[in-house]
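Based on the hints, put chain B in the right spot on chain A.
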Amino acid sequence: MSGVRGSIWRQVPLLIWLVVLWLFLWDQVSVLSIVTGLVLALLITRVFYLPPVELPDRIHPLGLVVFIGHFVFDLVRASFQVAWLAVDPRRVPTSSIVAVQLSTKSDLSLTLTALAVSLVPGSLIVEADRQDDILYLHVLGTETADDVEKARANVIAVEERIVRAIGSRDDVRRVNMSRAERSLGPIVSGRRQRAWEERHPVIPVEQYPSEGGYPE
Amino acid sequence: MTVDEWFELAASVCLLIGALLSLAAGVGLLRFPDALSRMHAATKPQIAGLAFILLAVGLDQRNWATVSTLFLVMLFQMLTAPVAAHMIGRAVYRTRHLRRELLLTDELADVVDRASHDLATDPANRPE
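Protein chains in written order, with my numbering: chain A, 263 to 478; chain B, 200 to 327.
Bound-form chain A, shown alone:
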């Protein structure tokens, strides 16, 4: 029973979002538009059923602002860089295919990182290895091995910003552990994070379920 109820509660954010989408399309908030929106949302989620996404168990508003600000800045800057590469008469850019090992083990973080990296010009996801959490990117304009490392570090920085904003507790711990190996400080080290870590032991990579996320 609890499984069924759990799946309904998990769909509530999706339903609300679909109704808001409907209101945006109609450009008006009225009883009729809300009711038709609800009916359509229920119909759509029944007919085109998708497995519910594991939503994060924490959210950091400031982290979200930092991530979005950084993202918009990167997007605009990189757009002009790629535009310049396209018209620069002196040379044709050299590219690379770079493998980036991510530290998180959740679908949402992997997807958001891939989306954010993919939207910024100059990097394109060629392959995503969900099992081992590796993203393979085609990076435009890498003239030296230094540029390749810079591209790799950039993807990891994007992942860290996303995890700081809306990563789950387990994502945060995995990112903190990977940063500790590079002798960097943790991204989140609050009281609630420490309490969660005490209750949930670190588990090896192989023990994560194939659908992702920390096993409950």
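The hints are simulated quantities; they were obtained by calculation from the structure and are not laboratory data. The C-beta atom is built at its ideal place from N, Cα and C for all residues, glycine as well. Hints may contain errors.
Claimed, not checked - Below, in silico cross-link-like pairs of lysine to aspartate or glutamate (DMTMM-like), each with a Cα-Cα straight-line distance of 25 Å or less:
(1) A/K412 - A/E443
(2) A/K412 - A/D394
(3) A/K412 - B/E300
(4) A/K412 - A/D391
(5) A/K412 - A/E389
(6) A/K412 - B/D309
(7) A/K412 - B/D259
(8) A/K412 - B/D305
(9) A/K412 - A/D336
(10) A/K412 - A/D350
(11) A/K412 - B/D233
To be verified - Cβ-Cβ distance ranges computed for the label pairs, FRET-style:
(12) B/A209 - A/V464: 44 to 54 Å
(13) B/V310 - A/S295: 29 to 39 Å
(14) A/Q363 - B/R261: 39 to 49 Å
Just chain B, lined up with the frame of chain A:
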């Protein structure tokens, strides 16, 4: 200058920037050497180019009905463009429509080779 004129000026500037980015995307499509590089030109400046053009429309119209629709246009463009780019990029790589001599490094080659080798050989006499 009145407030309306300032808005009009900002809208014109955004429209110009968006148009220039889209032009650069077209030039890139012609000039870049292989399919994967062209994907960058075809999909990416579009995002910023479209954002500037939508911003211009929003600055020109300045009412919620338009802005909410523009927001949806941008959102779905941002959600779908990477997926399309990924599917094409993946197909390009697997069908070897890329010029390897133009790559500085290819860290995916070994993985793909191993995977296709595993598939090609009979699982029974696979090494290891």
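Results of checking the hints against the structure:
1. Proximity of A/K412 to A/E443 is assessed by CA-CA distance (about 18 Å); at most 25 Å being required, the pair is judged to hold.
2. For the hint pairing A/K412 with A/D394, the CA-to-CA distance comes to about 22 Å; that is within 25 Å, so the pair holds.
3. Our distance criterion of 25 Å between C-alpha atoms is met by A/K412 and B/E300, whose separation comes to about 22 Å.
4. Between A/K412 and A/D391 the CA atoms are separated by roughly 21 Å; this keeps the pair inside 25 Å, and the hint holds.
5. Restraint check: the Cα-Cα separation between A/K412 and A/E389 comes to about 19 Å, which is no more than 25 Å; the hinted pair holds.
6. In summary, the hint linking A/K412 to B/D309 is supported, as the alpha carbons are separated by about 22 Å, within the 25 Å threshold.
7. For the suggested pair A/K412 and B/D259, the alpha carbons sit about 40 Å apart, so the restraint of at most 25 Å is broken.
8. Between A/K412 and B/D305, the direct Cα distance comes to roughly 16 Å. Compliance with the 25 Å bound is thereby established for this hinted pair.
9. A C-alpha spacing of about 14 Å is found between A/K412 and A/D336, which places the hinted pair at or below 25 Å, so the restraint holds.
10. With a C-alpha separation of about 22 Å, the suggested pairing of A/K412 with A/D350 holds against the 25 Å cut-off.
11. Restraint check for A/K412 and B/D233: satisfied, since their Cα atoms lie roughly 23 Å apart, inside the 25 Å limit.
12. Separation of B/A209 from A/V464 is about 52 Å and conforms to the stated range, judged on CB atoms against 44 to 54 Å.
13. The supplied range of 29 to 39 Å is broken by B/V310 and A/S295, whose beta-carbon atoms lie about 50 Å from each other.
14. Here the CB-CB span from A/Q363 to B/R261 is close to 47 Å, well matched to the stated 39 to 49 Å.
Hint check: violations occur at hints 7 and 13; the rest are consistent with the structure.
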